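Undergrad: Those protein sequences? They're chains A and B, same order as listed. Following our numbering from start to finish, the first sequence increments by one per residue and tops out at 467. Following our numbering from start to finish, the second sequence increments by one per residue and tops out at 467.
Honestly, the hints are just simulated from the structure, not real lab data. Quantities reported herein were computed from a predicted structural model and do not represent experimental measurements. A few of these clues could be false.
One copy or any two copies: either way a pair holds, since identical chains are not told apart in the list.
Claimed, not checked - Below, a list of computed lysine to aspartate or glutamate pairs in the EDC-like style, where the Cα atoms sit at most 20 Å apart: (1) Lys263 / Glu317; (2) Lys263 / Asp179; (3) Lys263 / Glu235; (4) Lys181 / Glu317; (5) Lys97 / Asp209; (6) Lys321 / Asp355; (7) Lys97 / Glu186; (8) Lys263 / Glu186; (9) Lys181 / Asp157; (10) Lys181 / Glu113; (11) Lys181 / Asp392; (12) Lys97 / Asp157; (13) Lys321 / Asp170; (14) Lys263 / Asp376; (15) Lys263 / Glu431; (16) Lys181 / Glu318; (17) Lys97 / Glu162; (18) Lys181 / Asp94; (19) Lys263 / Asp392; (20) Lys321 / Asp157; (21) Lys263 / Glu422; (22) Lys181 / Glu235; (23) Lys263 / Glu108; (24) Lys181 / Asp170; (25) Lys321 / Glu113.
There are 2 protein chains.
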Amino acid sequence: MGKISRRTMLGATGGLIAGGLLKTQADALTVAPETAGPQVAQADPTKILGAPTSQLGERAPGEQPRRVMGNPAVAASSRTPLEQLRGIITPADLHFERHHAGVPAIDPDRYELLIHGMVDRPMTFSLADLKRFPAESRIGFVECSGNGGAAYSRNAAQDRSPSQIDGLLSTSEWTGVALSTLLREVGLSSDATWLLAEGGDAAVMSRSIPVEKALDDAMIAYGQNGEAIRPAQGYPARLHLPGWEGNAQVKWIRRLEASDRPSMTREETSKYTDPLADGTARQFSLVMDAKSTITFPTFPYQLPDTGWWEIRGLAWSGRGRITRVDITTDGGNTWVPAQLQDTVLSKCATRFRHIWNWDGDPALLMSRATDETGYVQPDLETLMAARGPGTSYHYNSIRPWRVESDGRVFFGPRDGA
Amino acid sequence: MGKISRRTMLGATGGLIAGGLLKTQADALTVAPETAGPQVAQADPTKILGAPTSQLGERAPGEQPRRVMGNPAVAASSRTPLEQLRGIITPADLHFERHHAGVPAIDPDRYELLIHGMVDRPMTFSLADLKRFPAESRIGFVECSGNGGAAYSRNAAQDRSPSQIDGLLSTSEWTGVALSTLLREVGLSSDATWLLAEGGDAAVMSRSIPVEKALDDAMIAYGQNGEAIRPAQGYPARLHLPGWEGNAQVKWIRRLEASDRPSMTREETSKYTDPLADGTARQFSLVMDAKSTITFPTFPYQLPDTGWWEIRGLAWSGRGRITRVDITTDGGNTWVPAQLQDTVLSKCATRFRHIWNWDGDPALLMSRATDETGYVQPDLETLMAARGPGTSYHYNSIRPWRVESDGRVFFGPRDGA
Numbered sequence: 051m052g053k054i055s056r057r058t059m060l061g062a063t064g065g066l067i068a069g070g071l072l073k074t075q076a077d078a079l080t081v082a083p084e085t086a087g088p089q090v091a092q093a094d095p096t097k098i099l100g101a102p103t104s105q106l107g108e109r110a111p112g113e114q115p116r117r118v119m120g121n122p123a124v125a126a127s128s129r130t131p132l133e134q135l136r137g138i139i140t141p142a143d144l145h146f147e148r149h150h151a152g153v154p155a156i157d158p159d160r161y162e163l164l165i166h167g168m169v170d171r172p173m174t175f176s177l178a179d180l181k182r183f184p185a186e187s188r189i190g191f192v193e194c195s196g197n198g199g200a201a202y203s204r205n206a207a208q209d210r211s212p213s214q215i216d217g218l219l220s221t222s223e224w225t226g227v228a229l230s231t232l233l234r235e236v237g238l239s240s241d242a243t244w245l246l247a248e249g250g251d252a253a254v255m256s257r258s259i260p261v262e263k264a265l266d267d268a269m270i271a272y273g274q275n276g277e278a279i280r281p282a283q284g285y286p287a288r289l290h291l292p293g294w295e296g297n298a299q300v301k302w303i304r305r306l307e308a309s310d311r312p313s314m315t316r317e318e319t320s321k322y323t324d325p326l327a328d329g330t331a332r333q334f335s336l337v338m339d340a341k342s343t344i345t346f347p348t349f350p351y352q353l354p355d356t357g358w359w360e361i362r363g364l365a366w367s368g369r370g371r372i373t374r375v376d377i378t379t380d381g382g383n384t385w386v387p388a389q390l391q392d393t394v395l396s397k398c399a400t401r402f403r404h405i406w407n408w409d410g411d412p413a414l415l416m417s418r419a420t421d422e423t424g425y426v427q428p429d430l431e432t433l434m435a436a437r438g439p440g441t442s443y444h445y446n447s448i449r450p451w452r453v454e455s456d457g458r459v460f461f462g463p464r465d466g467a
Numbered sequence: 051m052g053k054i055s056r057r058t059m060l061g062a063t064g065g066l067i068a069g070g071l072l073k074t075q076a077d078a079l080t081v082a083p084e085t086a087g088p089q090v091a092q093a094d095p096t097k098i099l100g101a102p103t104s105q106l107g108e109r110a111p112g113e114q115p116r117r118v119m120g121n122p123a124v125a126a127s128s129r130t131p132l133e134q135l136r137g138i139i140t141p142a143d144l145h146f147e148r149h150h151a152g153v154p155a156i157d158p159d160r161y162e163l164l165i166h167g168m169v170d171r172p173m174t175f176s177l178a179d180l181k182r183f184p185a186e187s188r189i190g191f192v193e194c195s196g197n198g199g200a201a202y203s204r205n206a207a208q209d210r211s212p213s214q215i216d217g218l219l220s221t222s223e224w225t226g227v228a229l230s231t232l233l234r235e236v237g238l239s240s241d242a243t244w245l246l247a248e249g250g251d252a253a254v255m256s257r258s259i260p261v262e263k264a265l266d267d268a269m270i271a272y273g274q275n276g277e278a279i280r281p282a283q284g285y286p287a288r289l290h291l292p293g294w295e296g297n298a299q300v301k302w303i304r305r306l307e308a309s310d311r312p313s314m315t316r317e318e319t320s321k322y323t324d325p326l327a328d329g330t331a332r333q334f335s336l337v338m339d340a341k342s343t344i345t346f347p348t349f350p351y352q353l354p355d356t357g358w359w360e361i362r363g364l365a366w367s368g369r370g371r372i373t374r375v376d377i378t379t380d381g382g383n384t385w386v387p388a389q390l391q392d393t394v395l396s397k398c399a400t401r402f403r404h405i406w407n408w409d410g411d412p413a414l415l416m417s418r419a420t421d422e423t424g425y426v427q428p429d430l431e432t433l434m435a436a437r438g439p440g441t442s443y444h445y446n447s448i449r450p451w452r453v454e455s456d457g458r459v460f461f462g463p464r465d466g467a
């Protein structure tokens, strides 16, 4: 395993002896049951009775991940600290935020979801109603359509971390009722082809959703990682559209109107479309294409020494499972398949890893995701040729990370000189 | 869908009109960026700018799940509120606790894991060392070996909730380094058959682990649901033994000693064995056999009306995947297969559900889990016949929940008269 540090064993730790002293020492301590949670770190924690049980666990004092904030005066988003996390699940309090008029405070007892329009029986559903239907769960990502915008430039800023570029991505176990169940309940007309989904926030966020998706795997979600969905993610209920852009997964959902045409809301005409160089636009480009990014080593990390390092990252696709991630450490001359790390699920963030022996020379690291449809993540030039410079969404090009000879890592293929 | 309540639609909600008023109203508001988090619930949240982004999300004011505490003067455990949760993931701050001398406060910079004994190269590993090895993740349950003790009686108390009976069960995505990787690094002797695993808490919790398990799927875990493992679950690192009893999954692990025999610690001689009626004992009964429990409807819930209700619960097995859960609503005369709810993983909690039309008569609900080895969860009489009355662990018998004619639900097959 190369440069993993190895220290000489200094002898027995004396742990069993300390254990023998426990009873006396513990008896001498006064422990207040209310003062739960981590204490000040002890030189020898075996010599002092630890903290009692508590109603709610806390993080270790030195482990305090936070969302990455924009300028609060203008930003309406906060980002998941991707490079600080392991595995695929995002703790709910670190799930990214993106809202257009703040996080509304909705009384769950007054909450109602109205389904009307081209249906046999217009109905409203209380939160209790929604929870009484058969439940389903799925582990999947939610990603803002504009995620990765900082990477969509030939001269992108280099002092950006993965979370600053791609942190509008989070993964949760979502639980709720299948939208198809509710649509059967109201008697959706066979002529209906679209649903207008409307949020109960002050932006009254509204998007048109194809009925085909609504009847496939769409969900009215009220659960997130086992508990009630958090206010910033749509409490008490949101639309979850596995693999589709976040903006269409309307949070705080209060209304679904069945129709035979899209409603052409602001969010799908002036926003959330992809204008092309020829004057046309990709509209209703709702599926998030396969993407990946390395999360280690990346800015602002500096590799302390040469030798074996594990390149780690995340790959995800709105079309299904990630089947392959290739890694290059030489700027694209050679690519080798990374290992995909359990748990690998459809339309879900997937961890990859690749062990790399850094020789101390400058290196250009990239990852390239392939999904089960055979779609391959494009490079920046290919994506720019297809989309042109005027787009603001769906930035799924390959992300390059440059390791300099001093071990510092920067975003982008070129040095700053 | 029967009795799901249906209310008449009263007309358009006026949401788009309210949206048109947004800009003026929002401009008039003064929003302090520091005052993030949920506000007081609004009668019409579309009329007021919501809360700004925040570094750490909060739960909704009305959604404040807590661990179920024992008497803090004597208890060294707290329980996951199973009946309040959806899906399979347990939020880290609601993961059950069980410790024998409190939660130690360990300085991660001074943390070391020693591996010695029958190895070629005794070594210590810092936390940074552990994180430099190839990582792996898996979603799986951890369960205290004594979980369910409140159910192991023909006269069990009836005013018990699922969490009070089975709340020493939680499910997380665990991330860490495969123990097999570390054992290759130190050069484990081919004659070694056991490892003594020792914790760095004041109990110096010690258990003997078969090398076969250590080389199979054991992990030194430092991550839990994406972030650093919480202090109460073993920060900075614990042993994770998928599907095995929690006590053997030594938290705050500081030492592994390879040997050719078990160490016969207190926790595997006087404790965590299963004395049998014939005077012998099941020892090293480490695998948690298949189990299930209904989580809804259960005490203290009272069904408000007859009609369609979804029976929901959790099933899990330390031997692999849950392949089947059968449900009875008539005390065992007829059993029907429940639906297993995605995501179904090996050695992981699995959700099941079954839609039931309650006619208002008293009913006795039970669930019976089967795993991929063909093992079937036994009833209480069968388990008692096999284990006798003197055991304190591995209570996996079928849990009966009794619905009375007034809709109240109690644990156990018999009424209190």
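Undergrad: Evaluate each hint against the coordinates.
TA: Against the structure, the hints:
| no. | hint | in the structure |
| --- | --- | --- |
| 1 | Lys263 / Glu317 | within (18 Å within a copy, 54 Å between copies) |
| 2 | Lys263 / Asp179 | neither (23 Å within a copy, 46 Å between copies) |
| 3 | Lys263 / Glu235 | within (17 Å within a copy, 50 Å between copies) |
| 4 | Lys181 / Glu317 | neither (29 Å within a copy, 43 Å between copies) |
| 5 | Lys97 / Asp209 | neither (45 Å within a copy, 40 Å between copies) |
| 6 | Lys321 / Asp355 | neither (46 Å within a copy, 47 Å between copies) |
| 7 | Lys97 / Glu186 | neither (47 Å within a copy, 33 Å between copies) |
| 8 | Lys263 / Glu186 | within (16 Å within a copy, 33 Å between copies) |
| 9 | Lys181 / Asp157 | within (16 Å within a copy, 43 Å between copies) |
| 10 | Lys181 / Glu113 | between (35 Å within a copy, 15 Å between copies) |
| 11 | Lys181 / Asp392 | between (31 Å within a copy, 17 Å between copies) |
| 12 | Lys97 / Asp157 | between (49 Å within a copy, 14 Å between copies) |
| 13 | Lys321 / Asp170 | neither (33 Å within a copy, 63 Å between copies) |
| 14 | Lys263 / Asp376 | neither (30 Å within a copy, 32 Å between copies) |
| 15 | Lys263 / Glu431 | neither (31 Å within a copy, 49 Å between copies) |
| 16 | Lys181 / Glu318 | neither (31 Å within a copy, 44 Å between copies) |
| 17 | Lys97 / Glu162 | between (55 Å within a copy, 17 Å between copies) |
| 18 | Lys181 / Asp94 | neither (49 Å within a copy, 23 Å between copies) |
| 19 | Lys263 / Asp392 | between (27 Å within a copy, 19 Å between copies) |
| 20 | Lys321 / Asp157 | neither (30 Å within a copy, 49 Å between copies) |
| 21 | Lys263 / Glu422 | within (19 Å within a copy, 33 Å between copies) |
| 22 | Lys181 / Glu235 | within (14 Å within a copy, 50 Å between copies) |
| 23 | Lys263 / Glu108 | neither (39 Å within a copy, 31 Å between copies) |
| 24 | Lys181 / Asp170 | neither (22 Å within a copy, 57 Å between copies) |
| 25 | Lys321 / Glu113 | neither (38 Å within a copy, 34 Å between copies) |
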